[in-house]
Amino acid sequence: AQRVTQPEKLLSVFKGAPVELKCNYSYSGSPELFWYVQYSRQRLQLLLRHISRESIKGFTADLNKGETSFHLKKPFAQEEDSAMYYCALSGGNQGGKLIFGQGTELSVKP
Amino acid sequence: SQTIHQWPATLVQPVGSPLSLECTVEGTSNPNLYWYRQAAGRGLQLLFYSVGIGQISSEVPQNLSASRPQDRQFILSSKKLLLSDSGFYLCAWSRDLKNTEAFFGQGTRLTVV
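One line per chain: the protein sequences are A and B, in this order. Under our numbering, the first residue of the first sequence carries the number 1, and numbering increases by one thereafter. Under our numbering, the first residue of the second sequence carries the number 111, and numbering increases by one thereafter.
These are computed hints drawn from the structure, not numbers from a lab. From a predicted model like this one, the values you see are computed outputs, not experimental measurements. Every residue, glycine too, gets a C-beta built ideally from N, C-alpha and C. One or more of the hints may lead you astray.
Within a straight-line C-alpha distance of at most 20 angstroms, the following computed EDC-like cross-link-like pairs (lysine to aspartate or glutamate) qualify [unchecked claim]:
#1 A/K97 <-> B/D206
#2 B/K189 <-> B/E136
#3 A/K15 <-> A/E67
#4 A/K73 <-> A/E8
#5 A/K57 <-> B/D206
#6 A/K22 <-> B/D181
#7 B/K190 <-> B/E132
#8 A/K109 <-> A/D62
#9 A/K109 <-> A/E8
#10 A/K73 <-> A/E32
#11 A/K57 <-> A/E105
#12 A/K109 <-> A/D81
#13 A/K73 <-> B/E169
#14 A/K9 <-> B/D181
#15 A/K9 <-> A/E54
Okay, the calculated bits of chain B under chain A, using three or more residues with CB under 8 angstroms as the criterion [unchecked claim]:
#16 154–160
#17 210–222
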């Protein structure tokens, strides 16, 4: 079955601490993996995708096909990182047909 | 630039009443359009998608239907709402099936009472 699992509903860290939001997936084939973010009172928006291999706002995510994981990491969390984070996957040539995880709320305390 | 509008932002409807949520995209042509729903305690689930006018694909069986009467207009409907239809509904668009970035609307919080 195609599935994305985010085991943590809420992750709370202090400012300056490292943060890792976990994401595991199940998919028969070669999916494209994404992290979407929703800040308070803003729209859900793309944060990063695995094929870009880039760092956005200090966040990185590496696709580990062996462990079927796509964890989101940032070495030093900032208060403005507080938001809802969703991991998602898409099959090849599937456009915006995304399979989302349940989401993890990140709270960065001062 | 492209924008997506979705309304209303919140809606409270009685069980058995009809539903119509509208979504429009500006600044692009022939977008792929999507309706997602987030039920309480669950992730976003794709309900419908459309690759063109009048072309609707349903991803899950349910009490809802979708229509695309114009290129940049996507409507989510129900003839009779159920309590289980409560949730947060998001409209989204992407440029094509090869481009996997989706752009989301602000969402509609639907409460069926």
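Which numbered hints turn out to be false for this structure? Numbers 2, 3, 5, 6, 8, 13, 14 and 15, in rising order.
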